[in-house]
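> Listed below are the residues making up each chain.
There are 2 protein chains.
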Amino acid sequence: MEKRYYPYEDFLADTKDLTKQIDWKFDSIIAIARGGMSLAHLLGEYYNIREVYSINTIGYEDTTKLASVKVFNIPELNESKSVLIVDDIVDSGDTLVEVLKVLRQMYPTVIFKTASLFYKKSARIAPDWYVREADKWIDFFWSVDLNRKI
Amino acid sequence: MEKRYYPYEDFLADTKDLTKQIDWKFDSIIAIARGGMSLAHLLGEYYNIREVYSINTIGYEDTTKLASVKVFNIPELNESKSVLIVDDIVDSGDTLVEVLKVLRQMYPTVIFKTASLFYKKSARIAPDWYVREADKWIDFFWSVDLNRKI
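Respectively, the protein sequence lines represent chains A and B. Reading the first sequence from the start, the letters are residues 1 to 150 in this note's numbering. Reading the second sequence from the start, the letters are residues 1 to 150 in this note's numbering.
One thing to keep in mind: the hints can contain errors.
Just so you know, same-sequence chains aren't split out, so a pair can sit in one copy or run between any two.
[To be verified] Listed below are the simulated DSBU-like cross-link pairs for lysine-lysine, each with C-alpha atoms no more than 35 Å apart in a straight line:
# : residue 1 : residue 2
1 : 20        : 81
2 : 16        : 3
3 : 16        : 70
4 : 20        : 101
5 : 70        : 113
6 : 81        : 101
7 : 3         : 120
To be clear, the hints were calculated from the coordinates, so they are not data collected in a lab.
Throw the hints in and build the complete structure from the sequences for me.
Below you can see the structure in the form of structure tokens.
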């Protein structure tokens, strides 16, 4: 598949773009690990929100060979009213759908919205805010820079 | 206080330095949020470790006016044997001391080691690995880049 290298500079510009799009006040941020962690870090600093959490997911095939996503390390949100969930890319959408389902079940009074850098049109769910459509494989800087010559 | 801007390029070089220092196999990484999140993200990708978690702390003054640190959102480590805890800077050391205390109480059979980019000699605890001594205020790129003109 065609690849696109996504350097820090593009990430910074796109994260800035996200902050211009997001017309909503939130009090907490959840990164879907690992992909959303750098984005959550910068956004937490930018909005001066110390309530920056992460959540983990693992994909597996269940007994009927359907792809499933298990969600774990769910943060405490007892003080939260509005939470932005962030990830690097919404690809199939399976992860985001399951994360939203689990969080909404557990915290029915909290409002959750979602943001990502990339979004694939074929995904089952669109994030509330995103910057770019993904049409090729993306080599994010956090995945490849440590292995490049520096 | 004198300030030092710490750009992404320095972070990348220092993280590379950390990977050369760390002569230990670990199966999980915990970022102390928010500061350790970008570092944990890159290290997780570099070591191909999907078990990248975060932990939260909040500093407060207790009734005796002593500074205390509360640790919360402790990740599940039932499958973990050796865990690298990472933060951007070990400053007073209060946070790291408390995080280690809580994790070792909860998971007495897990081995925890620690790494940071910066370390202040006056801290109560030294991380197992670190890259630079901190002698001035550090403006990390994740704290300031979104507010700079780009």
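> Would you mind marking each hint as holding or not holding in the structure?
Going through the hints against the structure:
Only within a single protomer do residue 20 and residue 81 lie at most 35 Å apart by alpha-carbon distance; the minimum there is 22 Å, versus 43 Å between protomers. Proximity of residue 16 and residue 3 under a CA criterion of 35 Å is satisfied in both settings, with 23 Å inside one chain copy and 24 Å between copies. Taking the closest pair of Cα atoms, residue 16 and residue 70 come within 35 Å of each other both inside a single copy (31 Å) and across two copies (32 Å). For a Cα distance limit of 35 Å, the shortest separation of residue 20 from residue 101 inside one copy, 27 Å, qualifies, whereas the shortest one across copies, 41 Å, does not.
For a Cα distance limit of 35 Å, the shortest separation of residue 70 from residue 113 qualifies both inside one copy, at 20 Å, and across copies, at 28 Å. Proximity of residue 81 to residue 101 under the C-alpha cut-off of 35 Å is found in both arrangements, the shortest distances being 17 Å within a copy and 31 Å between copies. With identical chains, the CA atoms of residue 3 and residue 120 are at most 35 Å apart within one copy only, with a shortest distance of 15 Å there and 41 Å across copies.
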